[in-house]
Amino acid sequence: MISANSDESALFLLLFLRTLLLRLCLSRLSFLPATIGQKPLRLLVLFGIFCCQPVFAFALFSPAPDDHLYQRWQALLETPAGQLNTAEKLRLVDEFVNQVTYSPDRIEQGMTDYWLSPDEFFRLGRGDCEDFAIAKFFGLLALGVPEASLKLVYGRLPETGLYHVLLQYQPDSGAEPLLLDNLTLTPTVASKRTDFKPLYSFDRNSVWFMDGWQSKVRSSTPLNTGQWQRVLSQQSAGREWLALR
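Heads up: the sequence shown at position 226 corresponds to 226 in this note's numbering, and the numbers run straight through without jumps.
Simulated from the structure, these hints should not be mistaken for laboratory data. Only true hints are included.
What follows is a list of derived Cβ distance ranges for each label pair:
# : residue 1 : residue 2 : range
1 : Pro-158   : Gln-83    : 36 to 46 Å
2 : Gln-74    : Pro-146   : 20 to 30 Å
3 : Asp-211   : Thr-160   : 18 to 28 Å
4 : Thr-225   : Lys-197   : 17 to 27 Å
Fair warning: this is a prediction, and the values are worked out from it, not measured in the lab. For each residue, glycine too, the CB sits at the ideal point set by N, CA and C.
Using the sequences provided together with the hints, build the complete structure.
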């Protein structure tokens, strides 16, 4: 755990580096020919520095990589497909992922919402609700669970007003969905989750708008958010996040 004093020191360092970078960049602009127009360039530099602040903050405040947890996860995914039945795969993946420390998104540290890929999630050793669900989704795919039976579900917790993401497993349209959630110790049938209101669900290829736990309207295009597309890109390329290497 990071102490209050270390948080303040890190924040001071971040602000100092940002100010230093800003002064350096603006001083360099004085050497440009007047015909280029320095005012637009100054504004562009300012915009770039402030846009990069979340990346600096994420690197500063993130804990050290947890390679041991990451290696154990990789070992689990290498389990021979025929060694486990579907129920065992669901239970093992849910239990393993849920042992990771829950940490609300870096909004507390001045950052916008950031979806972690499984590699990032396990190397950091902590994550928000969508990070748990995403890790379970790709973990079960790696163990041979059909994607047609898996959906990431975005919804709302009415009692708190917070939005939440979990993983739904439904082997066929007539079966009651089973929910894998970091808020529960074990997979739970949907009828027992009266504390969660689903809004829409998605996988790698489609989005469904939901009425209760029924998927009513399907869009045959992937969820088009920068966060989800970034995770998909990393998974398809088999890359690890450069900053965690």
